[in-house]
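To get this note's numbering, take the position in the sequence shown, counting from 1, and add 3.
I should point out that these hints are in silico values taken from the structure, not numbers from a laboratory. Mixed in with the good hints there might be a few duds.
In silico DSBU-like cross-links for lysine-lysine, where the CA-CA straight-line distance does not exceed 30 Å [as the list claims (entries may be wrong)]:
| no. | residue 1 | residue 2 |
| --- | --- | --- |
| 1 | Lys66 | Lys518 |
| 2 | Lys518 | Lys200 |
| 3 | Lys66 | Lys48 |
| 4 | Lys508 | Lys191 |
| 5 | Lys114 | Lys555 |
| 6 | Lys508 | Lys412 |
| 7 | Lys177 | Lys285 |
| 8 | Lys305 | Lys177 |
| 9 | Lys504 | Lys599 |
| 10 | Lys114 | Lys191 |
| 11 | Lys518 | Lys555 |
| 12 | Lys322 | Lys305 |
| 13 | Lys599 | Lys114 |
| 14 | Lys48 | Lys191 |
| 15 | Lys599 | Lys518 |
| 16 | Lys191 | Lys504 |
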Amino acid sequence: MHYRILILLMLLPAFSFNSVAQDITISAEYPGVVTVGEQVRLVYKVNTSGGEFNAPSFEGFYKLSGPSISYSMSTQIINGKRTSETSYSYVFYLQATREGRYTIPPATYTKGNRTYASEEVSIEVVRDASGKTDITGERIQTTEEMTGAGDMFIRILPGSREVYVGEPVVATVKFYTRVNIAGVNEIKYPSFNGFLKEEIETPQLTSLVNENIDGVTYGTGVFQRFLLFPQRAGEIIIDPVQITVLIRQQSGISDPFFGDFFQTFNTVPRMVASNPVTIRVKPLPENRPPGFTGAVGSFEMKTEIDRDSLAVNDALSMKVTIRGTGNIRLADAPVISFPAGLEVYDPKTTTSVASRESGSSGSKTFEYLIIPRSAGDFNIPAVIWSYFNPETGSYQTITSQQLSFHVAKGSGTSTGPSLFAPATGEDIQYYGRDIRFIRTIPGGGLRKSRDFMLTRRSYYSVYGFSLLAFVLLILFRREQVRRNSDRLKVLNRKAGRIAVKRLRKASTHLRRSEKDMFYEEILRALWGYTSDKLSIPLSELTRSRAAEEFEKRGAGNEISELFFELTDTCEQIRYSPASEFSEPERVYNRASGLIKMMEQHIK
Numbered sequence: 004m005h006y007r008i009l010i011l012l013m014l015l016p017a018f019s020f021n022s023v024a025q026d027i028t029i030s031a032e033y034p035g036v037v038t039v040g041e042q043v044r045l046v047y048k049v050n051t052s053g054g055e056f057n058a059p060s061f062e063g064f065y066k067l068s069g070p071s072i073s074y075s076m077s078t079q080i081i082n083g084k085r086t087s088e089t090s091y092s093y094v095f096y097l098q099a100t101r102e103g104r105y106t107i108p109p110a111t112y113t114k115g116n117r118t119y120a121s122e123e124v125s126i127e128v129v130r131d132a133s134g135k136t137d138i139t140g141e142r143i144q145t146t147e148e149m150t151g152a153g154d155m156f157i158r159i160l161p162g163s164r165e166v167y168v169g170e171p172v173v174a175t176v177k178f179y180t181r182v183n184i185a186g187v188n189e190i191k192y193p194s195f196n197g198f199l200k201e202e203i204e205t206p207q208l209t210s211l212v213n214e215n216i217d218g219v220t221y222g223t224g225v226f227q228r229f230l231l232f233p234q235r236a237g238e239i240i241i242d243p244v245q246i247t248v249l250i251r252q253q254s255g256i257s258d259p260f261f262g263d264f265f266q267t268f269n270t271v272p273r274m275v276a277s278n279p280v281t282i283r284v285k286p287l288p289e290n291r292p293p294g295f296t297g298a299v300g301s302f303e304m305k306t307e308i309d310r311d312s313l314a315v316n317d318a319l320s321m322k323v324t325i326r327g328t329g330n331i332r333l334a335d336a337p338v339i340s341f342p343a344g345l346e347v348y349d350p351k352t353t354t355s356v357a358s359r360e361s362g363s364s365g366s367k368t369f370e371y372l373i374i375p376r377s378a379g380d381f382n383i384p385a386v387i388w389s390y391f392n393p394e395t396g397s398y399q400t401i402t403s404q405q406l407s408f409h410v411a412k413g414s415g416t417s418t419g420p421s422l423f424a425p426a427t428g429e430d431i432q433y434y435g436r437d438i439r440f441i442r443t444i445p446g447g448g449l450r451k452s453r454d455f456m457l458t459r460r461s462y463y464s465v466y467g468f469s470l471l472a473f474v475l476l477i478l479f480r481r482e483q484v485r486r487n488s489d490r491l492k493v494l495n496r497k498a499g500r501i502a503v504k505r506l507r508k509a510s511t512h513l514r515r516s517e518k519d520m521f522y523e524e525i526l527r528a529l530w531g532y533t534s535d536k537l538s539i540p541l542s543e544l545t546r547s548r549a550a551e552e553f554e555k556r557g558a559g560n561e562i563s564e565l566f567f568e569l570t571d572t573c574e575q576i577r578y579s580p581a582s583e584f585s586e587p588e589r590v591y592n593r594a595s596g597l598i599k600m601m602e603q604h605i606k
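Based on the provided sequences and hints, a complete structural model is requested.
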């Protein structure tokens, strides 16, 4: 009997440990099959806090947003035994771009010295059986492919999908909806990498026009049109456009007397994104003619001078005007061989271009200032300028007429030489003495000094003070270099001032009601101040590392709990689309108070 009690006592700590310890798990929730263009909601759930979450790469998908962090906790009391479960959710919104089966690597969660991983995510992306094409020859995607729902989507419609380098492409951002919308909250246009972008003036969207798409009527409208000039050959992908609209929905609460007649409505934000668009850009032919400077389009050229006769050292204006349609903003000045004897300044460039749906058209003028330095007749040879015409697929060369003008001797040059020697190969002539005195004074006007500087006492006093100041300056500089040699200590000393500047910037965003910028600046202030104060690089500062340093430096649980509470609140409000902009003044005051507490307790 006694040995049984002894065995139970030995096993009791093991049972106690198993009942207290919590296994850390990280799971993933995702759909198994989606269609091309459909939005994918991928959720990673972790049953603990205080660690660092690392998202995987999403190859084969375009990340629309994320992570949006949410927190939940449940507590149960059964037969006097209390159990608590904590869950953190990291939500990503992705968009399927190409068909195929894709495997997303595991996400990881690091806490302490251990790293936990989720399972691999395998998603199959399929294409609809429809094979219809639009006017550009590109396959038309069904609405289910575009949004997964079919009631609302957005597209980037290029005017052409195959162009030459420098040939403009009109890209139209068009919106389609079958539901009532109360307004547009936010539009995020792509960066158009690989293109030179110009915005086409587009009327503000105030009403929608009905349009039939695959037998379904949608309200459509154009948000913006862009004129894109590809800068390199190959396939260039235009990233999706993202918009957040406010949908008008019934609240579901009916009036007890009038029924649905006085039913109320709510506005719900919803984000949609377009599919990426691929533009195939062809390189320009290699046989580039003389005078080609990169212009692509259809152009004409005109050259002129403001007069045909002038005097030496007078100014002459020569204009070269290029007019037409294409990438005229990128056209460079032609190369002109001016005759000797002319001083020519760099041209002044004047551009008058308008961007329309038909392309970019207008004129570009290069004005040269010419000053003749010798008399005679001068001929400016014909200007040769070339461009590439994408309609014919060939280069075209424009040649202007020759310009001539006469330069007469100036009023002060009739009996003597010109102001500058003529650069026409003539021999240099000698005209008398090259140095003539204007006035002479007998004896030179000089006097002998009877006092030397080295014999003055003031000289040695100034010398001594200068030497002392130099030594003090060297000592001060050495001390300054020594104090600034340790970068972490410098950041530690400046941590408070930097944090105050960031809080002031956050206050500015708060007055302007800029939600995202306000909470982002608060996060920067808290994490940046903590990084500088703890002398830990920001790239190495994690939640667990910060908690360990707070405890090591005796900051107390109040500082640690307040820090993580504020950072979690800011991140949740920033990344959660449905979060409200509530109590920002309280967040600002608590963040300011936290930095003051850390300044007093952490040295």
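Here is what the structure says about each hint:
1. Lys66 - Lys518: 22 Å, holds
2. Lys518 - Lys200: 29 Å, holds
3. Lys66 - Lys48: Roughly 18 Å between the alpha carbons, so the hint for Lys66 and Lys48 holds.
4. Lys508 - Lys191: Holds: Lys508 and Lys191 sit about 24 Å apart, inside 30 Å.
5. Lys114 - Lys555: 17 Å, holds
6. Lys508 - Lys412: With Cα atoms ~66 Å apart, Lys508 and Lys412 exceed 30 Å; violated.
7. Lys177 - Lys285: Between Lys177 and Lys285 the Cα gap is close to 26 Å, so the pair holds against 30 Å.
8. Lys305 - Lys177: 40 Å, violated
9. Lys504 - Lys599: This hinted pair holds, its Cα atoms lying about 14 Å apart.
10. Lys114 - Lys191: 35 Å, violated
11. Lys518 - Lys555: 35 Å, violated
12. Lys322 - Lys305: Holds - the C-alpha atoms of Lys305 and Lys322 are around 8 Å apart, at most 30 Å.
13. Lys599 - Lys114: 28 Å, holds
14. Lys48 - Lys191: 28 Å, holds
15. Lys599 - Lys518: Satisfied, since the Cα-Cα distance of roughly 24 Å is no more than 30 Å.
16. Lys191 - Lys504: 29 Å, holds
Checked against the numbered hints given earlier, this structure breaks hints 6, 8, 10 and 11; the rest are met.
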